[in-house]
Structures are given as C-alpha cells and as structure tokens.
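Colleague: Work the whole structure out from these sequences, hints included.
If you read the protein sequences in the order shown, they are chains V and E. Quick note: the first sequence, position 47, residue 50 per this note's numbering, numbers continuous. Quick note: the second sequence, position 83, residue 86 per this note's numbering, numbers continuous.
Don't take every hint at face value.
Which copy is meant is left open, because identical chains are indistinguishable; a pair holds if it fits in one copy or across any two.
Stated by the list, open to error - No more than 25 Å apart at the CA atoms, straight line, and that leaves these computed lysine-lysine pairs for PhoX-like: (1) K11 x K117; (2) K125 x K83; (3) K133 x K163; (4) K163 x K89.
Keep in mind the hints are simulated off the structure, nothing from the lab.
There are 2 protein chains.
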Amino acid sequence: MSIMQVIKARRSIRLYKDNKVPDKDLLELIEAGTWAPSGSNIQPWYFIIVTDDHVLEQVSAFSPGLLGNPPAVIVACCDKQLAFEKGGELGRGELCVMDLCMASQNIMLMAAEKGLGTCPIKSFNGPALKKILKLPDHISPELVLSVGYPKNSPEAPLRKATTDVAYFNVWEGAQ
Amino acid sequence: MSIMQVIKARRSIRLYKDNKVPDKDLLELIEAGTWAPSGSNIQPWYFIIVTDDHVLEQVSAFSPGLLGNPPAVIVACCDKQLAFEKGGELGRGELCVMDLCMASQNIMLMAAEKGLGTCPIKSFNGPALKKILKLPDHISPELVLSVGYPKNSPEAPLRKATTDVAYFNVWEGAQ
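Modeller: Laid out in structure tokens, this is it:
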C-alpha cells in the first residue's frame, strides 16, 4: 500500500471483534510512534498498553469516549517533567502534546496497514486513569487510542476539499 | 515502501536544494493532511502554502526556527472559531491543535514518500505571520512546516527503545 492508501484506509473504529492483538504487534505500533519528530528530539512520551481485561474494564469505566469493546487500549502520555526541563512552560503546556499527537498518528497509520482499527479519544477522566495505571505525578495521559480488529468497515466521513482548506501565499488568494 | 519504512525515512530537514516543489505535489501533501482524524470530524484546519519568494522571505524573517532556505513552507492553522463552536473551550484550546498535529504528521509522511524533506517548527512570531498571510482573527497559525528537496541526508537522531517507553497495563510493569 502507498502511504496515501494507508492514510485513507485509516478509520476511527468504534466496534471491535473479540480477538486479542498480539503483544508483538502492539509493540510495533509503539515503535512506529517513537519515530515521530519531537522538539529538540526530547521524545517526551510514554505509552501504556492495556490488554489485561480487568485493567481494560477500569479504563473503560472512566473513558466515556471509548466505544466498541476494544481488546487493547494505548494510553499515550506526556512526561511533563522532561518537557518542562527541556522546553519550559511552552514545552510542558503545548509542545509535548503536539509531539505526542504526531507519534499517535504514526501509531494509527501503522495499525491501519496491519488491518487493525484505532480510535483516538480525549473523553476520559485523566486523574482516574493516572490512578488505575499507577502513573507517577509527572506523567500525564493525553490521548487514549483504542486498538483491535474492526468488526465493521465504516465509510469515511466526508472530507473538506483540499482547495477549500489550502491557499497559496495568503488567505483565500487575496494577493 | 511499507509504512514503517516511510515513518523511518522521514527526517527533520534543515538544508534544502533551490528546486521549487510543484504546486500539484504540495496540494497532494495537504490532501494527505485532510485525511487525519479530528474530534467530531470538524476538520478545524487551514493550510497556507507559501511558495512566493517575497512572502517566503517575510515568513522567514519572523520564524527563527525556519532553517535551510526551504522553497516552500506550509503554515498549518487552526480555525479557533469553528473549534469553539463545536468543542467549547477545550476544543478551541487544545483539541484543534491535536487534530492539526495529526494532519501535519500525515503531510510529513506523504512528503517523505515523495522524496521531499520537511521540518515542523514552533519557533515563529504568530501575530507577524497572521499579518503577513492576511489571516482573519479566528485563524491561528500553530505549526510551520518547511518543505523542499533535501540537500543532505541527516542520520536519524537516536530513539529511545520501545521497551523504555512502553509498559503493559501499569507503569513500569508494577503489577
């Protein structure tokens, strides 16, 4: 598959089969994530891969956005201490999350090529997840990715046309 | 190329050849970007593709992070009004930037497959760029991507090992 094919094949999946995803594949997704760019190459990320049914149940209970009973969940976290040490307030507040989102997109594309579905979720209770996953104070869960074999093949939601969101040189070609 | 090969081939490029990048290719990068996921599918992004030498010069003057004389720059922007209408304060403050970063990663991977180099930059003067690009008040430049043909092939900066940043179920395997 070309990269455009993979990019277009990725869907936000909200219904999963029961099959477990092999640990090896999940780790390969994380490896793809670690190859994202990061400001000053600080790689301010940690990924908690949840596959244990009991932990999954607890994470689900505090993540209303998590749908379709995924057999695995990746909780993408920022190391806020490292981000502050290397990038000050801007690093801790914004840059580390931007880095993490680029890493997460790598993860979702890698999954798409493997025939795995994913869905990025922001609707979760951060303090509860920190407690469940035993995260240290400086590790902040920023994004939850569901992962599994899709039960359905949802159509792609309508995209805005490229020409409606891209302008050359100045806004709306107002040269 | 497999997706992992593209992900690993992407480098942050800070030295470019003079050759111009065809508009068609730049628009294809944007198309790749528009296929990223976004919260509630709001697609809160706009991309200003700067190829005009005069505008490039102005953008460079206010972007200390922009290095190596790229023949093109993509200024990735959030529509803060749309993000607020659809997602409230959280949408305007954080979610739209997260969506934009996933779109930007698509753009950088698409570029890598085409043999184009990119570099994501946060070190720029936002208000100055808004003025130069004639952006409306509600359109906020969040990330600048340089784009062009790489003059060199920098080695990949060292990555943290997957096993150092990924844990199963709880932090540091503290089951």
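Colleague: Between K163 and K89, at a C-alpha cutoff of 25 Å, which is it: within one copy, between copies, both, or neither?
Modeller: Classified as between: cross-chain Cα gap 16 Å, same-chain 37 Å, threshold 25 Å.
Colleague: My question is about K11 and K117: at a cut-off of 25 Å on alpha-carbon distance, are they close within one copy, between copies, both, or neither?
Modeller: both (14 Å within a copy, 17 Å between copies)
Colleague: Should K133 paired with K163 be assigned to within, between, both, or neither, using CA atoms and 25 Å as the limit?
Modeller: Between copies only: 23 Å across chains, 36 Å inside a chain, cut-off 25 Å.
Colleague: How would you label the pair K125, K83 (within, between, both, or neither) given a Cα cut-off of 25 Å?
Modeller: Classified as both: same-chain Cα gap 18 Å, cross-chain 18 Å, threshold 25 Å.
Comparing the model with each earlier hint shows no violations; every hint is respected.
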